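> The residues making up each chain are set out below.
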Amino acid sequence: MRLLDCNFLSLGYPGHVLASNLSFSLDTGQCLCIVGENGVGKSTLVRTILHLQPALAGTIQLGQGITPQKIGYLPQTTVISADFPATVQEVVLSGCLASCGWRPFYGRAERELAERQITRLGLGDLRKCSFRDLSGGQRQRTLLARALCAAKSILLLDEPVAGLDPAIQAEFYHLIHKLREEDGMGIIMVSHDIRGVIQEATHILHLSSNFFYGTRKEYLATQQGRLFTGGMEE
Amino acid sequence: MNIIKSLQLYLSYPFVQYALVAGVLIALCSSLLGVTLVLKRFSLIGDGLSHVAFGVLSIATVLKLAAPMLFVLPVTILCAVCLLCASSHSRIRGDASIAMLSVGSLAVGYMVVNVFGSSANVSADVCSTLFGSTSILTLTPLDVWLCVALSLIVVVFFILFYGRIFAVTFDETFAQATGVNVGMCNLLLAVVVAVIIVLAMNLVGSLLISALIVFPALAAMRICRSFLGVTVFAAILSVCCALLGMLTAIVAGTPVGSTIVTTDIIAFLLCATGGVVLQRFRIGRRSVIVMLCLCSLLAGGCGKKAQPQEKETASKQEEVQVDMDLTLVNPMMVYTQVFYMLQKPQDYAGQVIRMSGTCVVTKNRYTQERHYNCNVSDSTGCCSTMIRFNLADGILPPRNGAMITIRGRFEMTTDRDKNFGILQDAALEQYMP
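Each protein sequence line maps, in turn, to chains E and D.
With my numbering, letter number 108 in the first sequence gets 108, and the count goes up by one each step, no holes.
With my numbering, letter number 192 in the second sequence gets 192, and the count goes up by one each step, no holes.
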């Protein structure tokens, strides 16, 4: 099933175009990785997909029944202050805000959903732990659980493995893989960890002045891909 | 026993009751918002906005506006909105813009009062607005009702928007992505913060508002792990500190604002210690909270023991019937009471009053008649007011500047369509030239 379709998208701010004529799409079970150097507009693309800022041109079409609010979003952990007093439960529950609508409080359905995501990501024992006492990997899993509460079928991960040690990184990629295989979620991932990304991605979007979009295999065959990955093979 | 007696005496004054109600409500509201503001890295916004309010209030005073609050509130709200909503994109970032606004309006306000001020006592006005030395004790019932209504609005706002406030505070981008109207939330927050700060200026003065916002939140963060816990703990702590601080201030005659803040500081230190103990020994949080309660009780008890004893009643004058003996209460309360008596002389007409103060002799410009006044000031000496007295026949008038204790009947007279109070048939009980 088609989850996301972007056609001839132009990104940037009025008077400052970062990228233009981007076309790509995402289906169920696919993993699209967005790579590129700093300042080419990766974060702007993320914001545009989330509808936090308008596209300068082109269209973003979401699949049946998906609204921009139902895209599960995992921001860079650096955004969140490390001394925030909140339990894992509270953080995960805040992902259910979209389904609350105009109700001021969380209902039973939201609490159950949050509880399911906590158990699923193995955070059950940490439920009452404070976010500031968690390790980097546990934090990332908490934020992923929160994203899953909001997500219908698309997950958007912004630098999900930055600052994590290799073992935790591998564990995280495994988790993403499971979500893709078992739940058929479509995953969009922005990353600088090109080696990890190549393992996991089905498709690659390389942002630069002449952007590339295609499958992993196609990407590795291009000049650009070989340069960026340091000549990795299939 | 003495303490309890004097507390009872003080609590019987209506203005003390008003002060307690207003103080507790303001402490509650500022602590609720404080948690969010501290976590959003806007700890200094209280400082900045209160200085803005001070500057605007000075301008309003100079312009002689009938209802200065109607002018101060919108301007402060505007500044709050500018600070909270624009900081993510503006060229001058959060802390710098707060610093600019804060210092700028303080300077402009003080300048305006100095250059255009019509009030005779500029330093008293400034001192009162900045440090709020007595202003909470001079609230009118209308002020108290306004305070109750606004605090109710703040508490309801906080409860209804609790989930959204948490989301916006924790991670603004994610909240926005899940469809929370972040701009609207920040706007509402800014408005509420501005309202609370203008309100709190009456309680602790503009310099000390930051303390009311910051200390309970920071203290709660040492102890509690969850956002809900921090919010509830901060609210309770803030209310307790405000109550304890105000009672201490009233009994000991210290300035209300600084006493509340000192209590807050002590509470913070206790909580910080509690937090360290919690981490070091891994004991249950419940026991730490119980320990804290015990500590505060102990501290409260010690503090009360250490307080200066009230002056013993002069026994030799016991036989004379006095309705209100202002020599029994501390200078701040005397000042406040006299302030009220001069505001509403009709309420106190006919009462026999004993008071001590400085004798001030004035001369009527037209009739060349001499008037004798008893001048009282609060403990910091920055606010003072005086009450005129006519000595009973046959008593030699005291000299200007002498310390006197007088006893007289309070009456209302009218001079050029203005009501004012005067002590008639005054007797000079003590006289120190």
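In short, the hints are calculated from the structure, not lab data.
Heads up, some of the hints might be wrong.
[Said to hold, decoys possible] Calculated pairs, DSS-like style, for lysine-lysine (alpha carbon to alpha carbon, straight line, at most 27 Å):
id, chain 1, residue 1, chain 2, residue 2
1, D, K40, E, K128
2, D, K64, D, K5
3, E, K128, E, K152
4, E, K70, D, K40
5, E, K70, E, K178
6, E, K152, E, K178
[Unchecked claim] Pairwise CB distance ranges (calculated):
id, chain 1, residue 1, chain 2, residue 2, range
7, E, A109, D, P14, 28 to 36 Å
8, E, G214, D, V277, 38 to 46 Å
9, E, H174, D, L228, 43 to 51 Å
10, D, I153, E, R132, 39 to 47 Å
Here the structure is a predicted model, which is why all the values come from computation and not from measurement.
Glycine included, C-beta positions come from ideal geometry on N, C-alpha and C.
> It remains to establish, for every hint, whether it holds in the given structure.
Results for each hint:
| no. | hint | verdict |
| --- | --- | --- |
| 1 | D:K40 - E:K128 | holds, 23 Å |
| 2 | D:K64 - D:K5 | violated, 43 Å |
| 3 | E:K128 - E:K152 | holds, 26 Å |
| 4 | E:K70 - D:K40 | holds, 26 Å |
| 5 | E:K70 - E:K178 | holds, 20 Å |
| 6 | E:K152 - E:K178 | holds, 16 Å |
| 7 | E:A109 - D:P14: 28 to 36 Å | violated, 51 Å |
| 8 | E:G214 - D:V277: 38 to 46 Å | violated, 59 Å |
| 9 | E:H174 - D:L228: 43 to 51 Å | violated, 33 Å |
| 10 | D:I153 - E:R132: 39 to 47 Å | violated, 32 Å |
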